[in-house]
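**Student:** Okay, here's what each chain looks like letter by letter:
Protein chains: 2
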Amino acid sequence: MKVNAERFLADLHRLREFGASGIGKGVVRPAFSEADLASRAWLAERFSAAGLEVRYDPVGNLFGLAGAERSLLLGSHSDSQPEGGWLDGALGVIAALEIARAAQEAGAPPVSVVSFEDEEGRFGVTTGSAIWGGALSLDQADLLTDRAGITFADARRRIAGWGGPFVDPARFSAFMEMHIEQGPWLDDAQEAIGVVESIVGIRDMRITFSGQQNHAGTTPMHLRRDAVQGMVAFNTLISERFANVVTPQTVWTVGHVAVHPNASSIVPGRVTFSMQWRDGDPDRLARMEAIIREAADEVAAHQGLGLDFGPMLGLAPVEMDAGLRRALEEAAEDVVPGRWRRMPSGALHDATNVSRHMPVAMLFVPSIGGVSHTFEEDTAEADLVAGLRVMARAVQRTSSG
Amino acid sequence: MKVNAERFLADLHRLREFGASGIGKGVVRPAFSEADLASRAWLAERFSAAGLEVRYDPVGNLFGLAGAERSLLLGSHSDSQPEGGWLDGALGVIAALEIARAAQEAGAPPVSVVSFEDEEGRFGVTTGSAIWGGALSLDQADLLTDRAGITFADARRRIAGWGGPFVDPARFSAFMEMHIEQGPWLDDAQEAIGVVESIVGIRDMRITFSGQQNHAGTTPMHLRRDAVQGMVAFNTLISERFANVVTPQTVWTVGHVAVHPNASSIVPGRVTFSMQWRDGDPDRLARMEAIIREAADEVAAHQGLGLDFGPMLGLAPVEMDAGLRRALEEAAEDVVPGRWRRMPSGALHDATNVSRHMPVAMLFVPSIGGVSHTFEEDTAEADLVAGLRVMARAVQRTSSG
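Taken in order, these protein sequences are the chains called A and B. The working numbering numbers the first residue of the first sequence as 1 and each following residue consecutively. The working numbering numbers the first residue of the second sequence as 1 and each following residue consecutively.
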């Protein structure tokens with residue numbers, strides 16, 4: 001089985017033309033946009049030309065099914081962020097297509113392909129694969145809205161004529177996804193391949209400190225109960241305490257802050273902020289949660305503030321399948337000896353949802369400068385091709401094992 | 001000269017009925033509201049009945065002029081916050097009226113009275129006295145808008161028929177203002193009177209830290225340039241460094257915070273926040289400014305953030321006139337021996353603006369619980385009367401001196 005790098009790159013560049021932003025290699029191809037629907041129609045033709053059976057499901061996930069009763073599934077997503085890069089998702093779809101084609105040409109065990117819809121979350125979070133994986137019901141999904149207030153139900157009406165039933169996950173023996181790293185580790189180390197060990201778990205909650213809204217001129221410092229100063233002390237405290245618990249891959253973020261009444265001459269009476277943390281180890285996530293709750297309690301007690309924890313949303317870490325991982329590692333060592341590493345995925349991917357049905361594994365190629373979700377996102381051509389070859393070799397190992 | 005406490009309290013309660021909120025003693029009497037205009041019409045009648053010449057100026061400031069060529073001016077404001085207390089401003093106006101009446105009855109040197117308009121800043125900041133004092137031109141003021149977008153020019157058209165020219169400040173020899181403290185010091189110490197030494201100066205500016213907006217899952221902590229964490233470090237640093245510089249009366253406030261893009265899964269790329277500080281000593285205000293600028297520079301350099309200081313708004317501290325202060329201090333010691341103190345005013349007052357034309361002084365009575373700008377604001381009746389007697393006695397000393 002021999003992949004064709006030129007054909008792969010040509011298809012990748014052709015896909016980029018759907019929604020090309022006109023700025024660098026950027027694309028604007030959000031789920032259910034004209035560009036997204038046109039690109040899916042083109043993908044369907046390419047699947048068909050590769051001898052795959054084209055199937056849309058009711059939410060826009062596009063499959064190219066190999067004839068066999070049971071096959072390996074490869075793929076990713078081809079929708080983009082509102083201002084996205086040309087490879088985020090698209091790379092995994094086109095690599096899957098090329099490998100399915102090469103398998104067919106070589107008479108190797110057949111490979112099916114998928115492009116999931118709305119991974120980038122115009123409506124939900126990894127919406128298409130979440131529904132197919134069973135994490136999100138269709139009824140729940142239909143109520144989701146985008147920023148303009150359009151519901152998922154309305155959006156998917158645009159493909160009402162195209163869709164058949166959901167594809168039975170039992171058709172597939174395993175799933176592999178190739179993706180850009182979206183972080184700096186590989187690029188910094190000048191390595192070509194990352195074999196994902198796990199997709200990190202996420203915990204996310206809102207924390208509210210309530211103090212006493214008061215006059216910023218006449219209220220002495222020692223009598224203030226200032227909610228913003230509570231948030232400041234809390235952030236300082238958790239940064240100190242996390243130091244003994246975290247790894248270099250652990251991350252935490254206070255990304256959203258809302259102050260009330262938010263006026264320069266009023267001591268803030270209330271602040272609500274998001275507290276999100278991610279790690280591959282469920283125990284570490286739990287230890288961090290304990291630190292967060294204790295630190296917030298201590299700050300509230302010390303500063304005389306009220307404290308409220310919102311509901312905690314959590315996604316457990318997803319372990320990659322050991323056998324598939326080994327196949328990817330051995331293939332990486334064959335193709336780019338000494339220039340690959342094992343690593344966690346800090347971002348969510350469709351593989352998270354697919355893992356509810358079957359073993360999954362993921363492969364990363366470097367992101368130049370570590371940037372993504374921007375028109376500047378890119379990867380060196382040699383790394384794209386290395387990724388394709390590693391994936392193809394791992395597929396051969398898996399199919400023959 | 002003998003003030004009449006019952007008459008004073010009766011007028012104070014009558015004024016409260018204009019805009020009475022129905023909740024405790026609270027009032028809703030913002031500048032140019034129906035309640036405000038009705039209360040001014042009533043005040044004008046009372047001024048007239050006390051033998052004072054009624055004069056509205058073009059911006060709604062209401063004077064009751066004593067016949068003399070030159071007289072002392074007493075007063076404050078009678079507009080309220082959108083949800084205000086019954087004494088904030090009103091106390092100083094009615095005390096002035098009672099003292100002017102008592103002076104007239106006793107044949108003492110005449111006293112004029114004023115109720116300034118929009119001290120509470122529906123449009124600007126201490127708008128009526130700022131215009132009369134010359135800090136704000138009428139043309140500038142007319143462009144100011146309230147939260148609903150109504151201009152000051154439109155609002156003051158409601159009194160177009162009432163107003164004469166501006167009253168010549170040269171008619172007055174000095175200004176004294178009685179006011180509620182709006183802070184906790186007197187109430188905490190169970191003292192009855194505060195003689196104001198100075199109205200603190202204010203400095204206020206916007207500070208912006210700019211980092212790198214990025215993916216909250218894939219961006220490692222050591223590579224982040226997180227604007228919110230810059231704000232956290234800055235707040236911690238200035239709190240430490242201020243400790244060696246400030247007095248118990250010094251205050252500083254971060255009351256307004258705006259984060260961009262303000263999403264829980266995105267490392268914050270930018271935060272703009274207000275930094276306001278107040279103190280009676282111009283040197284201390286300058287030392288604090290230096291600490292603020294240095295701390296922000298250090299945090300920005302250390303965390304790789306961009307830094308922008310917005311324009312700094314400043315109001316210099318206003319010293320109370322030494323002679324008027326001494327008269328108030330001696331009167332306080334006569335009326336409530338050992339139960340008064342010298343203190344700064346942390347809040348702005350109309351006296352700040354009037355000080356551009358003549359010597360000024362201020363007298364505080366306690367605020368129960370230190371609260372104001374709320375329906376709950378109140379002061380014990382005995383303290384109201386003590387304040388009236390101290391002011392009357394100081395007027396006598398001043399007029400006879």
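Since the hints were made in silico from the structure, they are not lab data. Computed from a predicted model, the values in this text were never measured in an experiment. Among the clues, some could well be false.
Said to hold, decoys possible - Pairwise CB distance ranges, derived in the manner of DEER restraints:
id : chain 1 : residue 1 : chain 2 : residue 2 : range
1  : A       : Arg293    : B       : Leu223    : 26 to 34 Å
2  : B       : Asp168    : A       : Leu223    : 27 to 35 Å
3  : A       : Arg339    : B       : Leu223    : 31 to 39 Å
4  : A       : Leu223    : B       : Gly163    : 54 to 62 Å
5  : B       : Asn244    : A       : Leu223    : 17 to 25 Å
6  : A       : Thr145    : B       : Leu9      : 54 to 62 Å
7  : B       : Glu240    : A       : Thr247    : 25 to 33 Å
8  : A       : Asp188    : B       : Ala301    : 18 to 26 Å
9  : A       : Asp188    : B       : Asp139    : 36 to 44 Å
As the list claims (entries may be wrong) - Chain A regions said to be covered by chain B (calculated; three or more residues, Cβ under 8 Å):
id : segment
10 : 136–146
11 : 177–191
12 : 218–224
13 : 274–280
14 : 322–334
15 : 356–363
Using N, Cα and C, we set each Cβ at its ideal position, and we do this for glycine too.
**Student:** Which numbered hints does this structure break?
**Tutor:** Result: hints 2, 3, 4, 9, 10, 14, 15 break, sorted rising.
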